[in-house]
Every structure is written in C-alpha cells, then in structure tokens.
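Student: Residue strings, one per chain:
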Amino acid sequence: MDDVRVPISSDVDLVRARERGRTLAGELGFQQGDLTLVATAISELARNIVRYARRGEIVLHPIEDGGVPGIVIIARDEGPGIIDVNRAMEQGYSTSGGLGMGLPGVRRIMDKFEIVSEIGRGTVVTVTKWKR
Amino acid sequence: MAVPILKQGPYLIATIQSALTDADLVQLRDALVGKVGSYRSSGVIVDVTALDVLDSFASRTLRDLAHMIRLRGAETVIVGIQPEVAFTMVRLGLTLEGVATALELEEGLFYLAQKLHSARQEG
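Going down the list, the protein sequences come from chains A and B. Just so we're aligned: 64 in the working numbering is position 64 of the first sequence, and the numbers increase by one with no gaps anywhere. Just so we're aligned: 10 in the working numbering is position 10 of the second sequence, and the numbers increase by one with no gaps anywhere.
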C-alpha cells in the first residue's frame, strides 16, 4: 500500500485527513474502536498544524512488523517550531487558548510518539498505531 | 455544511448529519445560542450520532455551547455519542464536564421534559 499525503492548510483539510486515515486503517484491518483513535489523533495533529504553522502535511504510512500491520502518521510543518517541547507535552498546557489536550492526548492513544521541533524551522510529530 | 435546526415545541433539535469542520461547529454553537432567544426555547438537543470523531476542539465547543445556552436560561442535552467515540474521549481526557448527555434523541427529550417540569414546580 502506498503512502497517503494530505496537504493541510484549513479546517476542511483536517476533516479530509482524518477520513483518509480512517479509510487506510480500515484497509489494514483495524477494529472500529481503533479507527476512531487513529482518526482522532490525526484530527488533533492536523489542527496543531493549522493553528500554529498555518500549513503543512499529514503523511499516512502503512507498515508491518512480523505480519502485524500498523499505521504511521507523520504531521509535518515548517512553522515557528515549539520553544519548549516538554511543556507542550504537559496536560493542560497551551499557548493558543486551547485546552492543552492535543499532544499529550495523542501520545496516550497511540503506541509510539515522537516529536522533533526546531525553532524557525518547523515541527514533525510521528506517531504509530499497531493493529490489535 | 450547516447543521439543520428544528424547532419542536419548546425545544430546538440540531441533528448533525456528517463530519463537521471547526467552523461548522462554531457556527452551530452561535446559531443555537441565538435561536434559543428568538424562539424562546427552554431546551436544546444536539444529536451527534453521525459524528465519528469528537476531538478536543469539538468537545470544547460542545461544552461551551451547553454552558452558553444555560446562561441564556435554557438546558442542553448532547445525545448519541457513539461507544468508540466515548472511549476515545475518555482516553484523551475529554469529559464534557457539566454537560447533560443522553443515549438517544428520545431520552434527551425525556430529560428536558423532566427539567422543565421540575423548574415549573420550583417556580
């Protein structure tokens, strides 16, 4: 299966991205409950792109490990970057008047979470969910 | 896509038909907060059965909606949160605190009728 790339620049793209993610995870055999987790994680990550960087992309990448399928979601932007990544990962912390649920929430519902951010260069969040 | 708002007696019923953008949700919130006044409604039902994702923004907007409508003097019930959506919300720490919820439209109407009834008795 090929990667799916969804350019993100508005809240309409956010809906499109999570629908594409749900479809791909469905094709990989994910159960209903996990489809919702994947779609919700994409929603949070894509919203962060729109909110902080204005534009970027979501890449959905199917993977496999010992016959177990998984999905890697990469949220990439060339925005301002996150000054304090550790704080951004704290529940309830937000610089945008949001709830601060975004990133820590996504980390909780995914199997693997990785964030690389560079001031002035942008942010890449990479999360993985395996099929149960 | 705008969400149709139906007036039924003293209630307003908004049935979400498909995935909504953030802008759609904010528009729904503002429309309901306004219409509660123009129709002098005592209760609002938001049916989210069709939503397959309720993320942090959607949860916050629904909570704000319910609180704003309460400040306007009416009650809100969110109905139809799907089991997997509820599961995800709890995992994310999104609890819709202080917002009434019901399984389906019928239970939502029953809840509002009871609220209205007890408000009359108290008044």
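Note that these hints are calculated values from the structure, not bench results. Please read these numbers as outputs of a predicted model, since none were measured by experiment. Where a beta carbon is used, it is the ideal one built from N, C-alpha and C, also for glycine. Treat the hints with care, since some could be wrong.
What the hints assert, rightly or not - For each label pair, taking beta carbons as the anchor points, the in silico distance ranges come out as:
no., chain 1, residue 1, chain 2, residue 2, range
1, B, 97, A, 31, 22 to 32 Å
2, A, 108, B, 18, 22 to 32 Å
3, A, 85, B, 91, 18 to 28 Å
4, B, 95, A, 10, 23 to 33 Å
As the list claims (entries may be wrong) - To give an idea of the interface, some chain A residues facing chain B are shown, with a C-beta separation under 7 Å as derived from the structure:
no., residue
5, 6
6, 9
7, 12
8, 102
9, 108
To be verified - Covered stretches of chain A (chain B as the covering partner; in silico rule of three or more C-beta atoms under 8 Å from a C-beta of chain B):
no., segment
10, 15 to 22
11, 35 to 44
Student: If you check each hint against the structure, which ones fail?
Tutor: 5 and 6
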